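Model the full assembly from the supplied sequences, consistent with the hints where possible.
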Amino acid sequence: MQGLACHNGDIARDIAALCFQKGLIIETAGAEDEVLKVFCPLTITEADLAHGLTIIERSAARIAPRGLQQAS
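According to this note's numbering, the sequence shown is numbered sequentially starting from -1.
Just so you know, the hints here were simulated from the structure itself, not pulled from any lab data. No experiment lies behind these values; they were computed from the predicted model shown. Cβ atoms here follow ideal geometry from the backbone N, Cα and C, with glycine treated the same way. Treat the hints with care, since some could be wrong.
Label-pair ranges, simulated between beta-carbon atoms [said to hold, decoys possible]: (1) 56 with 7: 13 to 23 Å; (2) 42 with 18: 13 to 23 Å; (3) 30 with -1: 10 to 20 Å; (4) 41 with 6: 28 to 38 Å; (5) 43 with 8: 29 to 39 Å; (6) 52 with 25: 14 to 24 Å; (7) 45 with 18: 15 to 25 Å; (8) -1 with 48: 11 to 21 Å; (9) 18 with 48: 11 to 21 Å; (10) -1 with 52: 17 to 27 Å.
Calculated pairs, SDA-like style, for lysine to any residue (alpha carbon to alpha carbon, straight line, at most 20 Å) [as the list claims (entries may be wrong)]: (11) 35 with 9; (12) 35 with 47; (13) 35 with 5; (14) 35 with 52.
Below, the structure written as structure tokens:
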């Protein structure tokens, strides 16, 4: 599991909604839903992983280009 911490829950929810519109289901977590949770299945192919990460990257860039930081 990996997480992307956003500035606030509104940003994380907007990114998750845009990902969903593009066919990727992603959840939020944290006290204010400010973290995007990335759960990859154990059987994911490299191509599917790359596709999903591209969706997240493009969605995040569209919603909050400076509002993300790497969560530990």
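Quick rundown of the hints versus the structure:
Restraint check, residue 56 to residue 7: a C-beta distance of roughly 21 Å satisfies the suggested window 13 to 23 Å. Taking the beta carbon of each, residue 42 and residue 18 are about 18 Å apart, inside 13 to 23 Å as hinted. At about 19 Å, the CB distance of residue 30 to residue -1 agrees with the hint of 10 to 20 Å. For residue 41 and residue 6, the Cβ-Cβ distance of about 34 Å falls inside the hinted range of 28 to 38 Å, so the restraint holds.
Under the hint 29 to 39 Å, the C-beta atoms of residue 43 and residue 8, about 33 Å apart, fit the expected range. With their beta carbons about 19 Å apart, residue 52 and residue 25 fall inside the hinted range of 14 to 24 Å. Between residue 45 and residue 18 the CB atoms are about 21 Å apart, so this pair conforms to the stated range of 15 to 25 Å. For residue -1 paired with residue 48, a C-beta distance near 18 Å keeps the hint of 11 to 21 Å intact.
Distance hint for residue 18 and residue 48: a CB-CB separation of about 19 Å, consistent with the stated range 11 to 21 Å. For the pair residue -1 and residue 52, the supplied restraint of 17 to 27 Å holds, since their beta-carbon distance comes to about 19 Å. This hinted pair checks out: residue 35 and residue 9 have alpha carbons roughly 13 Å apart, not beyond 20 Å. Taking the CA atoms of residue 35 and residue 47, the gap is about 14 Å. The hint holds against a cut of 20 Å.
A distance of roughly 15 Å separates the Cα atoms of residue 35 and residue 5; the hinted pair therefore holds under the 20 Å criterion. About 15 Å separates the Cα atoms of residue 35 and residue 52, which keeps this hinted pair within 20 Å; it holds.
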